[in-house]
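Protein chains: 4
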Amino acid sequence: MIGFRNDYGQGAHPDVLRALCDTNLVRSKGYGIDAFCDDAADKIRLEFACPNAAVHFLPGGTLTNLTALSAFLRPYEAVITAHSGHIAVHEAGAIEATGHRLLSLPSSDGKITPTDIAVACAEHGDEHMVIPRLVYISNSTELGTVYSLAELTALRACCDAHHLYLYMDGARLAHALTSEANDVSPAQIASLTDAFYIGGTKNGAMFGEALFITNAALMPHFRHAMKQRGAMLAKSHLMGVQFATLFTDKLYFRLGSYANALAARLQSELLSMGIEFQTLSPTNLIFPILDNAVVAALAKNYDFEIWCPMGNRTMIRLVTGWASTDAEVDKLVADLRRML
Amino acid sequence: MIGFRNDYGQGAHPDVLRALCDTNLVRSKGYGIDAFCDDAADKIRLEFACPNAAVHFLPGGTLTNLTALSAFLRPYEAVITAHSGHIAVHEAGAIEATGHRLLSLPSSDGKITPTDIAVACAEHGDEHMVIPRLVYISNSTELGTVYSLAELTALRACCDAHHLYLYMDGARLAHALTSEANDVSPAQIASLTDAFYIGGTKNGAMFGEALFITNAALMPHFRHAMKQRGAMLAKSHLMGVQFATLFTDKLYFRLGSYANALAARLQSELLSMGIEFQTLSPTNLIFPILDNAVVAALAKNYDFEIWCPMGNRTMIRLVTGWASTDAEVDKLVADLRRML
Amino acid sequence: MIGFRNDYGQGAHPDVLRALCDTNLVRSKGYGIDAFCDDAADKIRLEFACPNAAVHFLPGGTLTNLTALSAFLRPYEAVITAHSGHIAVHEAGAIEATGHRLLSLPSSDGKITPTDIAVACAEHGDEHMVIPRLVYISNSTELGTVYSLAELTALRACCDAHHLYLYMDGARLAHALTSEANDVSPAQIASLTDAFYIGGTKNGAMFGEALFITNAALMPHFRHAMKQRGAMLAKSHLMGVQFATLFTDKLYFRLGSYANALAARLQSELLSMGIEFQTLSPTNLIFPILDNAVVAALAKNYDFEIWCPMGNRTMIRLVTGWASTDAEVDKLVADLRRML
Amino acid sequence: MIGFRNDYGQGAHPDVLRALCDTNLVRSKGYGIDAFCDDAADKIRLEFACPNAAVHFLPGGTLTNLTALSAFLRPYEAVITAHSGHIAVHEAGAIEATGHRLLSLPSSDGKITPTDIAVACAEHGDEHMVIPRLVYISNSTELGTVYSLAELTALRACCDAHHLYLYMDGARLAHALTSEANDVSPAQIASLTDAFYIGGTKNGAMFGEALFITNAALMPHFRHAMKQRGAMLAKSHLMGVQFATLFTDKLYFRLGSYANALAARLQSELLSMGIEFQTLSPTNLIFPILDNAVVAALAKNYDFEIWCPMGNRTMIRLVTGWASTDAEVDKLVADLRRML
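Residue numbers (our numbering), protein chains in the order written: chain A, 1 to 340; chain B, 1 to 340; chain C, 1 to 340; chain D, 1 to 340.
Don't read these hints as lab results, they were simulated from the structure.
The list cannot tell twin chains apart, which means a pair is met if one copy fits it or any two copies do.
Keeping only pairs whose Cα atoms sit at most 30 Å apart, straight-line, the calculated BS3-like set for lysine-lysine is:
#1 Lys-250 x Lys-29
#2 Lys-331 x Lys-29
#3 Lys-43 x Lys-250
#4 Lys-300 x Lys-29
#5 Lys-300 x Lys-331
None of the values given here were measured: they were computed from a predicted structure.
Okay, chain A solo, but in the shape it has when bound:
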């Protein structure tokens, strides 16, 4: 089986693994109070040009989202998200389990707009309804798209106008920021959001995400919130080791760029064969539409996700990652050419 199912199916990038091995017997106090975490946090703050940000390391994306959002909001405050937002679909009600309503907005490309947000706010006007208080966006989105600087700037203005926090799920932030479609700098990510997380799981870490909080009002007692949700690992220093490596010599971005390039080549080859796409993606997730017979044939040797049945055709999701290879892409292209 050749894997195009996900970007988290393997262990750690060799550099990250080496760092874990090299530091394996160094003792830490535990719970993220250690030199490795300090070093990683400093490197991240430098990269995002935000020296006063709070940086925390948590072991997974869902846990990061639920810990952050439940810490930031009062009970009657709600989260605005796209229908396709990870928290709105694939986190098994994690945010609601902490007591908060999601207000989900339709979106064809995984992104939400100030106009839709303004409508949602206008519809929530009295105390019989929740108060929209935080906008959740993913970058890159669940459909592989990325927010432009103009879009993010407009979202920020909208959030300011409606007294909303802007939170970015950066499970694939590396892929967003190294996309050919991207025109946003890391520093702009930090200055335009109140908090975001930098995904490690899907970009070369063995485990872990780095939550980056820029809004000082959201910082107090966040470690209490982490502990309460089970998000503060005893061995947090291992995430420090990993993120310090990822943010040395821009490894984090190089890995994202590498995965994007493979996906771009694959998408381009498929297009050249006449394969259709509902939307083209500038990152490491691509969504070709194939005849069902082709999908079935492909599934014998390739592992991938069925995204959406469409009658006698099927949209599938192909994912490349830091561990994907040129040879895998070549073989898939060759096999598809033969099948069509």
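On the provided structure of chain A, position chains B, C and D as indicated by the hints.
For chains B, C and D alone, kept in the frame of chain A given last:
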């Protein structure tokens, strides 16, 4: 600094680390549906002689406790625990955050008794009060003590009589089961409890715990509960790799036994110097009482936890782990002899 | 100001008030364990032909919904509702505050269909998503419509097929069951749902709703759930007094019928003037569409709710209740005729 | 059966009932936005000499406590209470169900002290533990005792020193403030606490409590919190009617004083017969200790609560209320004299 602060301050046991390196590029589907997790679960079921148990891998102890307890209980059901129970003190209200009251019982040695449980149940008799429904015990306890077979058997009978689940926090289960004071087999742990977890974090894993559910009524939909609480890591297969290693050739128990032996030697040497202990511990946590001046002197070269100030003396906690060495124990003994 | 804003703006129906006065000094043990509540529950069970139902009295509708749903569901289980469902709009996130996701379905008339439910279930197939477990319907709906016997029977079959509970919010059950459009008997309501509540607040009680649970699996420990959510009033016996009165000589249904008749007459008069309605309502809520100038003129002497701005016209909501009068309807009709 | 079981077993004081009857057909907009509530709130603010306080009406005590505390606290913040506090025993885990831990302190008389609070705060020093943030006291307490001005002033200072809110459960505030043991004015209650509630249920209202918030930081969005917890009744205006009556001509305090006087006479008569009390109570709850045979004999004609079995004696609770009579007290005294 020589470390006696904890048993989770370093990375992974070399065998575990090697397994992670060796399998680093093997692809998995993610979320714990993979051959590594299957293999590890099989090995664990075999060790605990319970072929029908459900085994799940979660990244940390607090997360395991809160996910399990909130999945097992109805909203108005409460948890009985010792005052010193980890959930009652050091998890920042994690269980209450999922909506459940803790009923905590006094305990001088970290253990709770059927008598105290029966009293708690008798006091909760009508619908103005919560319903006690689950007994939480730690083995070994936060004070290093272990439950005997007679004690566990009596607790089981008490739980049956009062319609209570028995849940064991096994963050240090390896140390309990390999203690000289232990007379309980792994199979008996499984048969006397409804669920327990096998701690990896404090006994040689890089990260992760294995939750073991023996009561079939508690099994349905547990993966939904895990996902909702953020406890189902995308890279769960890495915990499969680790636990398969720990449960090969009884590595898990050898590591616990090793840590216990170091602590036993240390405790015995300290006793021989006339140092007092409030309770003697048969596992890897020991609690000597020292003059404050000695504590201060010790703190210059050693890292450990202040457990309890006692006027001009202080009870400290010394912890040994799989990564502690004979040389460290020897040096501490020598330094203490010189100071006294 | 003449009131067409709501059906809960006044005190209690005179018969109910008289019963409260007559029994004012009778002592009860409190918390709903008393002869008044027993009597009322018996009368209700008789009316709904379900001798084994559990009947509980709670002080308000939102509190009833949140107490029931949170008691019935496991944490990862979700509620299916219409977009317009009261819990989905006007309860300030009350259900989510107890930890449960709502899956809301579009609906033009306030009702949901088995087809839409089946789609929602089909979309929730793995442990990354919540499990749909309860269907919430209102009868009459927030738009004044009622479910037919055929519709309810189909919903029941759908719920059975998909392992779903069927819960009916009966804030205006009296109006539904006495509507000219209704073909469902009280006994059928009981046999087709797992639980429903009989609204008192909007139909002549001073305060209170009666929750009726027919599914035995949902009955255990419900009083614990009530107490925990603050839904078990010390003076619950007063709700017993009221509901015993409402279910004597069918007062409950006579009041609903009375309000419906006033609304029907009003709707018919407005139609005869050429006033448009998006949907005609067979119960006590009607939704005429008027020119904005007419709405503004009307608002000087009448109190009502703006339902939906529609450019230079506005949909308003007019509500009649047990305390509305023929004279009020006559005057509104006359005034409108003059304005048009 | 002559009732000494509780002070909430009957309907409303005749003056309150009359006001409800007199205003029965006056229309209100609902949800507490009406002239009755405004009037009642003004009268209450005047009585407690705090013109800027926020006043809200909620239908019951548990609901008031859980709504207020969950609105005031962040998820990881905890509540300090006496072991005997109503929220710690008799509310079925209502506060924990909103996600917050209770830290309960031993108390022989139902009151807690600055010393004990300071110890609890000192024990909660890092992010592995909850943050104590609110002190819950009852006045009068569950044991009938009252806080003196010196005690409340010391509590306030302690709360200020430890960054704690002070919240008073005033289910029986009338009885506290009219006790012979009381030296606190209503204005001092308001100035020494951050919020408290004025119990109606146990002192002559048909239903309802008035929450009084003096700390401006706790006021925003409180109506959202009420709606979300089901604590904002559609017919809230009826609580306005009742509280306006209770706070006219000091009826509220006259009723408390009346109940206290009956209890004082009863306690004094019992003492004169040689009956023992563990603590004497200056309010309307008294706790005599009687031989079991006497208790059994008494139970044939009197309704009361068994408070605490004490071997061959039993402590019972006798409660007087606004509806208790001199004749009832006389008869009990006479019957007890005969039995002893």
